[in-house]
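Enquirer: Below are the chains, spelled out letter by letter.
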Amino acid sequence: MSALERLTPSRRTFLLGGGALIVSFSLPPRLAVTQQRADEKLPGSLQRDPKLDSWIRIDERGAITVFTGKCELGQGIKTALIQVAAEELAVAPQSIHLVTADTALTPNEGYTAGSHSMQDSGTAIRHAAAQARSLLIATAAMQLGVPRERLKAQDGAVVAHDGRRLGFGVLVKEKLLHVAADGRANLTDPAHYRVIGTRAQRVDIPPKVTAGPAFVHDLRLPGMLHARVVRPPSYYARLLRLDTTPIANMPGVRAVHRDGNYLAVIAEREYQAVAGMRALAAAASWHETATLPQPDRIFEWLASQPAERVSVVGGSGDLAGGAKVLEATYRRAYQMHGSIGPSCAVARLENGQLTVWTHSQGVFPLRAAIAQLVQLPPERVRCIQVDGSGCYGHNGADDAGADAALLAMALPGRPVRVQWMREQEHAWEPYGSAMIAKVRATLGTEGRITDWDYSVRSCTHATRAGPAGSLLPAWLLAHPSAPPPPRPLPLPEGGGHRNAAPLYSIPNLRVAYEFVPAMPLRVSALRSLGAYVNVFSIESFMDELAQTAKADPIEFRLRHLEDPRARAVIQTAAERFGWSGYQRRQDHGRGFAFARYKNLAAYLALAAEAEVDRKSGHVRLKRAIAAVDCGEAVNPDGIENQIQGGILQSASWTLHERVVFDRTRITSRDWNSYPILRFTEMPDEVQVYVVNQPGTPFLGTGEAAQGPIAAAIANAIADATGIRLRDIPLKLT
Amino acid sequence: MTTLTVNGNKCEVEVDPETPLLYVLRDELALNGAKFGCGLGQCGACTVIIGGAAMNSCVIPVGTVKGRPVVTLEGLGSSGRPGVLQQAFIDEQAAQCGYCIAGMIMRAQALLDQNPAPSDAEIRTHMEPNLCRCGTHVRIFRAIRRASETLTRERGARGMSAAPASEADK
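Same order as they appear, the protein sequences are chains A and B.
Sequence positions in the first sequence follow our numbering and run 1 to 733.
Sequence positions in the second sequence follow our numbering and run 1 to 170.
Hints are computed from structural coordinates only; laboratory data are not their basis.
Heads up, the beta-carbon is just placed ideally off N, CA and C, and yes, glycines get one too.
Just to be clear, a hint being listed does not mean it is correct.
Said to hold, decoys possible - Label-pair restraints from in silico Cβ distances:
| id | chain 1 | residue 1 | chain 2 | residue 2 | range |
| --- | --- | --- | --- | --- | --- |
| 1 | A | R164 | B | R158 | 21 to 29 Å |
| 2 | B | T152 | A | G578 | 46 to 54 Å |
| 3 | B | T152 | A | Y236 | 55 to 63 Å |
| 4 | A | R614 | B | G8 | 32 to 40 Å |
| 5 | A | P222 | B | E128 | 36 to 44 Å |
| 6 | B | T152 | A | S616 | 53 to 61 Å |
| 7 | B | D91 | A | T329 | 23 to 31 Å |
| 8 | A | E268 | B | K66 | 52 to 60 Å |
| 9 | A | N108 | B | D91 | 32 to 40 Å |
| 10 | B | K66 | A | P467 | 33 to 41 Å |
Using the sequences and the hints, build the whole thing.
Expert: Shown next, in the form of structure tokens:
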């Protein structure tokens, strides 16, 4: 069920009123004592919310509703979660309604980030559904006087061997599912899968290709007003003068909202708000300060900043003498999420209750931040996630939610829709930090790496919603909230140090992260965080070492890898690409790369071919062949789609992207000043092979390709030209 | 008062003629198909077909449309009866977030209306103005190719040539 559907009265009645299983979220005392041992962790997000009916409810008619705290971001999570629930409940996927992140309805699963949704929510729903099936069968066994072993769940009923059947709706009476989740039910044997592992079509695609109301941008509430914000021209600009009177008198304008440096226009029609915004921007004069680093010396700036050193792997870092020592430095400029649809939200204050429809990645953290911002108790704020334009991490979504909340508070009773303009999205979203990675290694006499000393340096990769000050609008108010001090994300997943340690067997390994607390450009989580640069650096350097060792790059990697799953994806990608029989052509080169995302999630290897135009320096990714092992594959087509997309997006980052700015302002304000990959550069072939591991834990998929393809492209360029590029975006001229 | 023909329906809207067509489609006519992406004619999320040509509705003042018919994503089919190209996008699962897809389909439709059997290079060049950030290009390309094959086959079967697909789909 989409949030848009939830607006219709019949749905609302169903969710809030009818149905025996719509019950209080608090557990009755007898359930507080579970069979779970205190030290035993429940699977996935059941740990965060151990009530079975927080995840699955079945009403008296047998209608099944599944709840997830995760968000659909275009990664197809709705479809995969429905598949998991349908498998374990033994029903058709079409019979399941899925409710996604909503602070009033769903479990709190934090953020939809870090390729965690299948591990967290998929695992929780799977175990909850299996337990629900088991409870339904046990109830039927009692009612029918038949041993459980002679019953099975099938198409929404429990069926006995003699043909008698009891529908789920009859069986769920008396709060059958209002129990603690125990995570102990038998999961369906992979040999009997009907739904898991199939290429089910995504449930959200039909409305998206037939102009249904599919996005928060398409929400039209009765009496809804349209707002546009006017942002300062630079981060620390202060408003000097502004006469709002002429704008307030423009056609359709309902209000000009000014609070310190925070400006907005609210109008009856959308284009009236745009016209008002332009007039307001033209009328405002600002005092600006040059606070940004010198743009052509950004890496010198980053290298010179005070940093906090975090040890990732604590080897001595001493290099053995006498053998071949290689060193290299790899760097990445600031890059942006660059969603195609600028951030948008709708909010309404009604009877003291604030509702925000948002494409946030985390409705519960956003609710806490907004509640603090507008000074309401959290229980008076409801955040409902609705699909948005792809975000690829922390973009402007939460800030737009805060904009809508602030403006709705100013106009009680009227829903207010805010959408950012392109230049606002480009200039104000939090970027992926510039990064520098330095590596030095020794190659022993047998062509094996004996020691490896690696350090990576960046600003933070996490400034997501926490207190009100994490929301951009809060900085601009007359009584501003400052952003909380940036911090490094903890290991094992890490932020800038995500994937900083190679998975290769190296006797003497030292890896460190130099976290820079300064933040002259706003930064936060961009898809895969530091893993993009760390994998780019490690996998580029592996090729440099292989070349020195006069070894084939794939053979050199395998020499240092024991993990059989790592070896399997490498061998699969190499075979499918035709690595050993590769025919060298003029101005073409091939490159390889491998990583296990976060060193604990999906394994991905890929081989790429690049084509180089020596005159113009233009590089095109021509072919990419990937093999991925993300554990149990619920929807192979969804996995392929994510990896294909990751390959193209990362190719765009790697070959094109760099945020530009002067000492005062961000100057990447549109698609001309921040170019990305286009159709004529599309590879001729992108193939993804899913190495399925039925019966093993979900490992996540969404971010696995970002780092490997960057290195594979650099390696292919080196193969084609002999030139080793170490700065992203990679430029031959 | 401005008169428009959108998806075959005549409608009158009372807006400033300088208002970009996009806002009229979304805000006055409550159509979801065309999306706001940049407002600068740079990304193609707002692509519609005006008088047979794919255009960025975010930079077309509604007053300049005059009598030319406007076709939006809604005009190609519905979720119950998707048009050929829409069905091809479903069959190829050619979307990630889907925000750019309406514009992609409209730009591709304009091509297939003119030339139901474009070459690979023609598809690439024709689609160049539209941006996708999820990296769905390969699937979008495959969907256009699939629709092209369907149209060519259907036309072959009917012994017809070159009736504009967006008209035929209505």
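Enquirer: If a hint holds in the structure, say so; if it does not, say that too.
Expert: Going down the list of hints, with the structure as the test:
1. At about 54 Å, the CB distance of R164/A to R158/B disagrees with the hint of 21 to 29 Å.
2. For the pair T152/B and G578/A, the beta carbons lie near 32 Å from each other, so the given range of 46 to 54 Å is not met.
3. Checked against the given bound of 55 to 63 Å, the beta carbons of T152/B and Y236/A, roughly 59 Å apart, stay inside it.
4. Restraint check, R614/A to G8/B: a C-beta distance of roughly 52 Å breaks the suggested window 32 to 40 Å.
5. Checked against the given bound of 36 to 44 Å, the beta carbons of P222/A and E128/B, roughly 41 Å apart, stay inside it.
6. The supplied range of 53 to 61 Å is broken by T152/B and S616/A, whose beta-carbon atoms lie about 36 Å from each other.
7. Remark: the range hint 23 to 31 Å for D91/B to T329/A is contradicted by a beta-carbon distance near 47 Å.
8. At about 27 Å, the CB distance of E268/A to K66/B disagrees with the hint of 52 to 60 Å.
9. The beta-carbon spacing between N108/A and D91/B, approximately 37 Å, falls within the hinted interval of 32 to 40 Å.
10. Evaluation of the 33 to 41 Å hint for K66/B and P467/A yields a failure: the beta carbon distance comes to about 54 Å.
Going through the hint list in order, the structure does not satisfy hints 1, 2, 4, 6, 7, 8 and 10.
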